[in-house]
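Trainee: Turn these sequences into a full structure, and let the hints guide you.
For the record, the sequence lines run as chains A and B. Take 1 as the starting number for the first sequence in my numbering and just add one per residue. Take 1 as the starting number for the second sequence in my numbering and just add one per residue.
Don't take every hint at face value.
Computed spacing ranges between beta-carbons, pair by pair [unchecked claim]: (1) GLY216(A) with VAL138(B): 31 to 41 Å; (2) LYS161(A) with ILE105(B): 35 to 45 Å; (3) GLY314(B) with THR304(A): 36 to 46 Å; (4) ASN149(B) with LYS161(A): 18 to 28 Å; (5) GLY134(B) with ASN126(A): 37 to 47 Å; (6) MET262(B) with THR304(A): 38 to 48 Å; (7) ALA14(B) with THR31(A): 57 to 67 Å; (8) GLU191(A) with VAL138(B): 31 to 41 Å; (9) GLU289(A) with ILE105(B): 45 to 55 Å; (10) TRP184(B) with THR214(A): 53 to 63 Å; (11) ALA203(A) with ALA225(B): 41 to 51 Å; (12) LEU276(B) with THR31(A): 52 to 62 Å; (13) ILE302(B) with THR73(A): 12 to 22 Å; (14) VAL112(B) with ASP154(A): 51 to 61 Å.
According to the in silico footprint, chain A covers these stretches of chain B (three or more CB under 8 Å from chain A) [to be verified]: (15) 148–156; (16) 241–249.
The set of hints was computed from the structure by calculation and includes no laboratory data. Glycine included, every Cβ here is placed at the ideal spot set by N, Cα and C.
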Amino acid sequence: MKRRLLAAVCAATMVFAMGTVAFADDEVKATGDEKIALITMDSIDQHWITLNEGAQKAAEEFGVTVDFMSPNTKDDAQQIECVNNAVAGGYNAIMVAANGPDAISSALQEAVDGGVKIVYVDSPANVEASATFSTDNKAAGQTAGEEMIKVLEDAGVTSGKIGIINVNAATDSCVNREEGFRAAFDGSDFELMETQYGEGDAAKSQSIAENYITQGVVGIFGCNEGSTTGAGNAIKASGNDAIVGVGFDKSDAILNLIDDGYLYATMAQNPDVMGYEGVKAAIQAINGEDLGGEVTDTGVSVLTKESK
Amino acid sequence: MNNKQQSPVKKLLAIRGMGAALTAFVGLVIIYIAFGLINSAVFSGQNILNLLRSMSKYLLIGIAQSYVLITGNIDLSIGSLVGMSAMISATLMTTGMNPLLAILISLLCCLVIGVVNGYLVGKFKLPPFIATLGTMFVARGIAYMVNGNRNTDAIATGIGKEAADKFQNFFYYGKTLGVYNTFWIAMIVFIIFFFVLSKTRTGRHIYAIGSNVDAAKLSGVDVVATTIKTYLISATCSCLVGLILCAQAGMGNMEAGNMYEMYGVAAGVIGGVSPLGGTGILLGTLAGAAVWQTLENGLNMIGAQVGIQRVVIGVIVVVAVLLDVVVRNGKFGKRK
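Mentor: Printed below as a string of structure tokens:
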């Protein structure tokens, strides 16, 4: 009797174990020959470097090749050349963060026509792809706005000017963040000023923020890493830490500014998740699976002094 | 000059500037093979087509800058003219304007800046660095303002998908005889301006001014008119590159052509065009543009870090200029 019970328990455990393994594997099987080109907007911003790290982690895990082939600065012509190089270099799939929805579309379409699979990370273009992994920027921007309102109202401030520092009018992800941010202020007594563009450069953004501070703003929103760093530095330089700074993206500089109290919070994206999941999806697409162009929101975490 | 019994090779080398151009070509072959050995994809047919296409942009920029360099001047506004041309043509097309008309208006605007450059440098004797620095900012500012400080929408939204495809295929995506149109366009422009520089009176005047502007004036060369001509040619080539960039992206980008004037200097200098004026042939510029693009393409294909590209290219430019100075004053005696 005991032996039969033991046998039954063993059998059950085996079945259970096999079942868990099957679920955990997620059905991603790589042959090892897959060559994936990762083309982001530039090769120097921490956001893209982290995305690449996530991608390389997946590359090592699944035994495939992921080459980081981004241009050195954000430039449509250069990004198109990178796509062309990826096609000429015989890559099976391209993971791409498009500068904008239109510029590289023709080049991507040529790649698709040539049998190359496309996976979008962070920012899609107008060509149909196998899958997209990105942040829902509008929702994240709205969260940022709500956080700022919360802090201001806690401090008893219910009206005043708010400055917005964006990158440029062409980067969809940032434009959507601003849209979400402005939406959070609907019906409030705060006055949202005309957006200024700092090209994502921390120094330029700081100048803009300093001008906002001179005009007496109660809060500043930075739409990406450089804008946020500039805003935080300007608040620091002004000595007035009652101004509420909220931003986007994560970097050592931004985390330090939050620690010192010059920024209240930042919306940290998960570029490493985009990179990791993007590679997995690329492998699946290369091996013939139809992913149906699914768009996955990789989400944001609100990082404040307490929650870091 | 003793023409008797001169071998064809000697005759070729006797052409001034040919030595430098041939050196650049040899360098080009070495660099190309080196990259290909590291990554065989460099040798692939598609990569060669890509190379020919992307080199064409730098060739046109190189021609633009070479014409000005040979007279002993410089044109810093080239990059901004590229951006201005891309933005003007794209913005006009998004309003539905006929592409041909948009191209003509773009060209006209670039030529106006070219005339301004020519006058400031030729007639008012402003240092070319300062004059073209000013027009560089003005042209870039215009590029920003043309569409209200933002990049344009896709040109297809104004002129329709069919016309947009035709425009984009003509300048960038289409092929003729199996090679991208961009290459043929650049080749035609190259041949025309090669002819002008080497076989016409204007060309001889350009060299004369570069060698010794006072002697040239005393010999009856119209320095003002010739200077204006060089800046007009520069503006025309820049406009063309702007159109190519517009076709490449299918829209206008305010930052298009950023730093291109420097790439033009590099392409010319690598090919033997002296920044001091008076020497250099367009064949050298062609080699220089090819070297530049092969380096960029090769370094990208082997996955080299971005900084390395800049360092390598900078070193080559310095070496090329050093060779130029040594040859002029050193080993081979004074060349005049």
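Trainee: With a Cβ-Cβ cutoff of 8 Å, does the stretch 241–249 of chain B contain at least three residues near chain A?
Mentor: holds (count 3)
Trainee: Three residues minimum, CB to CB under 8 Å: does the stretch 148–156 of chain B make the cut for coverage by chain A? Let me know.
Mentor: With 5 residues closer than 8 Å to chain A, the stretch 148–156 of chain B meets the three-residue bar; holds.
Trainee: Do GLU191(A) and VAL138(B) keep their Cβ atoms within the hinted range of 31 to 41 Å?
Mentor: holds (35 Å)
Trainee: Could you check the hint for me, namely that LEU276(B) and THR31(A) are 52 to 62 Å apart, CB to CB?
Mentor: With Cβ atoms ~59 Å apart, the hint holds.
Trainee: Okay, ASN149(B) versus LYS161(A) on CB: inside 18 to 28 Å?
Mentor: With a Cβ separation near 22 Å, ASN149(B) and LYS161(A) satisfy 18 to 28 Å, so the hint holds.
Trainee: Taking 35 to 45 Å as the stated bounds, is the beta-carbon spacing between LYS161(A) and ILE105(B) within them?
Mentor: holds (41 Å)
Trainee: That 41 to 51 Å hint for ALA203(A) and ALA225(B) (C-beta), does it hold up?
Mentor: holds (44 Å)
Trainee: The hint says 53 to 63 Å between TRP184(B) and THR214(A); measuring C-beta to C-beta, is that right?
Mentor: Cβ of TRP184(B) to Cβ of THR214(A): about 55 Å, so the range 53 to 63 Å holds.
Trainee: Holds or violated: the 51 to 61 Å window for the beta-carbon distance between VAL112(B) and ASP154(A)?
Mentor: holds (58 Å)
Trainee: Is the gap between the beta carbons of GLY134(B) and ASN126(A) within 37 to 47 Å?
Mentor: Check passed, 39 Å falls within 37 to 47 Å.
Trainee: Can you let me know if the beta-carbon spacing of MET262(B) and THR304(A) is within 38 to 48 Å?
Mentor: holds (44 Å)
Trainee: Is 31 to 41 Å right for how far apart the beta carbons of GLY216(A) and VAL138(B) are?
Mentor: holds (34 Å)
The structure fails none of the hints (numbered hints given earlier).
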